[in-house]
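The chain contents come next:
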Amino acid sequence: MSLALDAPAPIGFAEKIWRINWGLVLVLTAIAGVGVLALYSAAGGRFEPWAARHAVRYGAAFGLMLVVALIHPKVWLAMAWPIYIVSVLLLVAVDVIGKIGMGAQRWLVIGPLQIQPSEIAKVAVIMVVARYYHGLRKEQASQFLYTLPPLAMILVVVALVMVQPDLGTAMMVLMGGGALLFVAGVRIWMFLAAGVSAVACLPIAWSLMHEYQRKRVLTFLDPDRDPLGAGYHITQSKIAIGSGGLFGKGFLKGTQSSLNFLPEKQTDFIFTTFVEEWGLVGACVLLALFALVLVWGFSIAFRSQHHFGRLLALGVTSLMFLYVFINTAMVMGMLPVVGVPLPLVSNGGTALLSVMFACGLLIGVNVYRDAQLPRTR
Amino acid sequence: MKQFRKGDGERSGLFTRRALLLGGAQAVLLTALAGRLYQLQVVETERFASLADENRINLRLLPPSRGLIFDRSGQPLAVNRNNFRAMVTSDRGRGADVLIERLDQILSLGDADKSRLLRELRRSRNSQPAVVRENLGWEEVARLEFNAPDLPGVFIDLGQSRDYPEGELMSHIVGYTGRVADEDLAGRDDPVLSLPTMRFGKKGMERSLEDDLRGRAGAVQVEVNAVGRVVRELDRTEGQPGDNALLTIDLDLQRFVAEKVKEHQSGSVVVMDVITGDVLAMVSSPGFDPSTFARGITQSEWRDLLENPERPLHNKAIAGVYPPGSTYKMVTALAALEAKVIDPWTRLPCPGYLELGGIKFHCWLKGGHGSTNVTEAIACSCDCFFYEASRRTGVDRMADMANRLGFGKVSELGLPGESSANQPTRAWKQEKIGKPWQPGDSFNLGIGQGFMTATPLQLAIMTARIANGGYDVQPNLLLAKTTPREELAPPAPRDKPTAPSLRLNPQHLQIIRQGMVDVVNSSIGTAGALRRDASGKLLDFTFAGKTGTAQVKRITERERELGITQAQLPWHLRHHALFVCFGPAEKPRYACAVIIEHGMAGGATAGPIGRDVLAETIKRDPSRRTDGFKKMASR
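Going down the list, the protein sequences come from chains A and B. Using numbering that gives the first Met the number 0, the letters of the first sequence correspond one by one to residues 0 to 376. Using numbering that gives the first Met the number 0, the letters of the second sequence correspond one by one to residues 0 to 634.
Excised from the complex, chain B in its bound form (with noise of 0.2 Å):
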């Protein structure tokens, strides 16, 4: 028993001494584990609870509500409508392969949504929301809340999508907007762009304002959880909606212009006020319907539009390119007169030709007009005299008061897509032809052919120059633009021109628009029929017009010849129809291009739009129309 004992008290000590040792190494340990304690606690304990905040708190964006458009009238042309969305969250692409096959189940995406979602999704930070399907239906909004517990970060979010209810009528004005593009972010660092809901104006004045109507972005600070759920809201700023905007456009008098030209296969309108420059309406058809953008096109009905022949989605009436031909012929006089080639009394011979190297230059009537001075040669439009006049006024002058008169370049409308057509010179020529200026040029650049090319809206300016007295009048599609808290006034109607005189002769201008004036009501006129409207009874004013009827193909000597008419030749190849007018005659305050494409001649396919648009025009009076400012403001 001692032997027992005494073992015992050996292992004893051993076990004391190594047992201390091993007590020692755990007080060690548990110090530095209250070491890492500190260390987590105390001295790091900042940077933790900011990271702490940063996981749970999400600023999240609230999409401002787009700036409406409307007509001068107060007429809505673009609004927002109520649009039920489906949203997911996923911390970057976390089990969302599971989610979208689930979607695609309920919803039936297509391919190419999964893989945009997907693709949003892993790209997503602070479990920023991607969109899944826009204008749900109410049965799709059950199917989704029904089998809410399968789907998680799902959720339901009331938004708004641009709804255009003229569709076609103003496609080409107000045009449409659409998820917003990395080439639009350059330039601005809007955050709100950043949102997936977010919408950007692509064409139109949905475009030009898109900075306007987009508004300020609100901010609601949430708490998320681990999955992005908001589990409550902490703070919110209300963001500011978009400006509305108030258009110079008559929708009424757009409409009419719109039934006048769909009588015709393709076609464009301009109508402008002299004084002001709204324009008024502006009809390039045919048009396209802005909702199937606004709902997201598909790759077939995109197809269509790009091929159709017709070109749907081109605005004519800034971006289709003509050649002007005898609407130009006022540009020609104008310049001869200023430049003192030729004076108001001055008469020179048309034979039906004239000849120069040895090609001979025709004019449109067989036989001549025998001799005119510049008046008469309007009315007639004589090509022979201006081939002469545009000679002796030479390229170089011809094209500064073109110029002047607002070809060649782009105007200040602010449409995107406008074109500056072309009015060629010597430089230009030697350029992109390689070929010294001809005497041959100048005769067809005198009657607004050859390399000659102008828009419609040009068209317009010109008249609207010409008649108002020579200011530099400009085209103006915003009639005003407001917060959408205040009233939307209406400006102060004008009767004079505020835009600078372009300082041309008054009295050579008068020439000119008489020349106009007896285009529809002299006897030589090319448009005398206009002066009666369609039933046949005289027109309660006066108008002064020209016509124009623009080759598309050179004729031939041998159809020439052989007396082949434009009717019988395939539509492509036909003539343009052009006309330009404007009105009152003798208190002018509207003017009006038209161009109908392959029209054969202006005289009797454009003229009387023409002459029905600004009848319209002058009985409406849209100018002087301000009762819509009140229906607008109590809205």
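Isolated chain A (complex conformation) (with noise of 0.2 Å):
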């Protein structure tokens, strides 16, 4: 082994501009393009109120997503913890406030800001997360006490997810955080353990659950148990695809969404909106952008010389697919409906920044694949 490969010399400015994925980022791009698109028709073919902020808002994050990916990796491994720990504190204000305000709350103003600290909070986890296990040897990774910390870690914000009530980004912080530990290298005995515990807490979990929640796990379970009610969303949705047909309605010709027989066709329907009006060739052809983005993401992550940009990589490419998975899967009545967007399609702005600074680091990994971080604890 050379010495140069065990110490690389720094890379210039215009290399690291060489090194950012333009492919990956077209394809990021074609995917909002896809969401002002959708966007566009949901608002009956105009911009206002909701396609041209999104054009706006992907604008500014796609800025800010270069600079992230400019950003050597040793700044998110020291503010991993940081930033965990302030999104903690975000969830717990925000959670403070629902008490007070009396129902359900996820959005946290500040000044002129609307943040939502749970999607914040999805990325932490998996920085602190990776961060962990950058520090731990293989032997250790695979020992069950040392598998405790990260579970804390994740647990915490699950948790604080959960009571907001939040059951879609819960779900989605402890199967992201799942996937990482499964690929750092736990024991999978202990994972077949925490399955074979998880099913024998339903019925706890049953009895902690809004009535809302249950009706919508009801409602999934059977959708015409109540075609009027909780199951009018997820039957309405089913027949705006179904009829959409191979080749759809056409642009601005879908009449579910467009006689707002569809619910919440801007956010957590969008892809139904999309599908009803391109069929199931726009259909695949979006799900087509998302695969090439996950392939894009394993590879930076198998890439990567350091072990924090390995996980990393992978984490976010994790959280891409859960959001793509459970969203889709969601307004096709294969799970039950528990909001969550489409990522880069959907209306919303924290969620497209926290997406968009998530490929930030995924790009950042692959400009600073071969850096050399110290194994901190």
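One or more of the hints may lead you astray.
[What the hints assert, rightly or not] In silico contact screen, one side only, chain A against chain B (beta carbon under 10 Å); selected entries: (1) N20; (2) T234; (3) I238; (4) N259; (5) E275; (6) L293; (7) V294; (8) Q304; (9) H305; (10) V323; (11) G332.
[Unchecked claim] Partial list, computed: chain A residues near chain B (C-beta under 7 Å): (12) I96; (13) L207; (14) I240; (15) F250; (16) T254; (17) T327.
Simulated from the structure, these hints should not be mistaken for laboratory data. Glycine included, each C-beta is placed from N, C-alpha and C at the ideal position.
From the two separate chains plus the hints, produce the assembled complex.
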């Protein structure tokens, strides 16, 4: 092994720019473009109120992503804990304000900004768990005791999000964190044990759930149980998707969305709005774009020379996958309605920013793929 | 440093294996998504496409315009008037409570309306609208329009409501319409009846001509959004308005008759064409205002109508049953002649009363008529003659003759609610009273008392059949009906009856008619005063009639001794006054039956009305009037 490989020379700015995955950036922009198109249609063929804002937000988030991508991973290694702690504090603040305000609370208003701390927390958990395993040896990673701290990091956030209540985000954090533990080398039997105990805990979880959450689960199991009540959303969404057929009804010609049979058509059900008008072909194109993002994510993870980068890239990729899978499976009636947006397409600022921030981290891993990071604790 | 790399290499290897596993799992799940998309969008797409169309496309029925009703000269009796109504749609009652509360604030609905609306909205399918309020004023329309943003699903609809320009005058004949009731749907599967704005004939000709007047619904296909608001019209088929109907009633004559009857508290008159059976006037007084039903009757108005002793809702002409009294004597005479138990020259004694089993059957004339033949007996209305004639004929042959003349059964007039009244028979008495027929029953039947009852219409039918020479003429209210695009053409005037003959001996009928002519025109007649009009001038035509005074309550021997007069009794116990007549005597064309409830004396109370009505009818000769049709066709 040559010395040059062990200690590569610092790379120049042009090289950094060159190393940015411009193909990935293009794909992300294409997905956001689909978002603008769908939001334009959801508003009945108008840029207001969603499409124009979505484009502007994407522009801003695009800048953020590039800036994040150019920041050295050692900074993120150092910032992981502070970001995690801040996001936990924000979650606590949201819960407390929600308690006072007597109702579900997911937003925090700071001056002119309206932020959704759970969106930040998703990324923060990935960062802090990746940082933790970066500092462990392989043998340590597979030991049970060493698994407890990252489990705690994940579960604290899951619990805080759960009480908001936001079942969808909680599930995403749990599964995203679980994916990280899996690739970091936690023994398979621990996952099996966790799975078994989760099933055993189902009745308890059921008793802790809110009435509307139970209703959603029941409705998911049998959508025709209450076709005009809780099952209405999912039934109408399936009708919209199904009636789209192979080639769709045509741009701006979706009857289910334009006549308002579709609920939440600009946020959680934006996939439905798009697919009704563009059909199976459009849906496959959109899913293929997301699949490209995932492939890129995996290849970046594999190429990273440092463990932090690998875990970060894989965490971000898993997050992306979970977003897409839970959202689309939900609107097609394969999962209960849990309120997860479709990344880069759904209307909503914080989610867009946090996704683009995560993509910035991902690209950053590629830019600094051969950086040497000390195994600090 | 080497140690670091080495350790990392091990971690990297594990990471790669695990990451590939994870990536594989993700690929499988993404494939599952694609599979689900294929299932929804290719395998089941037709089902979902039709569901989407069911969501958005709404077939709405267009209520047809109800057919109009005119009198025989083309004057309107029932018309349609524009009506602004507030309607509301809601998908099976979603958010209905809030909406109804808001509507209540704007229109101040009653509790009954509120609960009806809620019920209708919960039941409605395919966003079928419900009626909030009919006949809105412009101010209410403006208030609704102003508040439209807060009232999703509420809209103003221009519809039609029924109007009866003649009001009370034609109330019993034309009737009225109301909301479609469940029992109205029996045997009719016309989908238009499920429309909330649809009205259904409830009484009178509105009811009997319901299926003709209703018309056929049109349909419009509209695209609606999720709250049921119409986005655009996709397709429209026009319906067909209901048929127009021309009644046999002569409105001007009807008005004349009503004025006459109104001089008394309660009564009824039927005027018939004896050749065609056309009912030219049919008055039951008092009547009611059908517009109260058209706009929705209130509880107190309804109670007042029901509790009125003069029974304004009751069409006395077809449903009022009275003992026919002496107007029945023509039946007795004809039955006796046809049975050959008397002949035209048979004279029967009248000592003032006949005794049967120790009971005295009095003649109305104290001291009696001596002896009379059948013509004289009709003219002077001798009771004793008819006691004996009825006894000789027997109840079976009496009932048979009465049936042929129209008693004891419902006619073919076609108005709902007609009564058959009661023509007693042996079997009837055995069944209802549980006793066999007695000779005394025959005595009473002979003078139209006892168990015998008849409606004014039946009396008019009897008179018409005697007058027209024994033809089985049926009363008739519908002159013509046509689709609205056709011109209403009058049927050709007829002078010969087309009804089958009753096969009565023309000579016997002539004798009966002569008796009736003598009632008015002979010195022994009970209504000789009717030869002159109200001002004492001799009439310019001759007519025939028969008076009748029907007992409401048996006159006791004590009252007979005390000489208590009818006027001293309370109104509801006084005799009914009856009069039947036809004219002109030489060539009979019109028959008329008059009943004044508790009018005391037939000749004095009912007679003048019969005379005046007949005179007016003959003067107007409605059967030949056709000028009105031209007016009508140009409408």
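Are there hints from earlier that the structure breaks, and if so, what are their numbers?
-> Hint check: 1, 12, 13, 15 fail, others pass.
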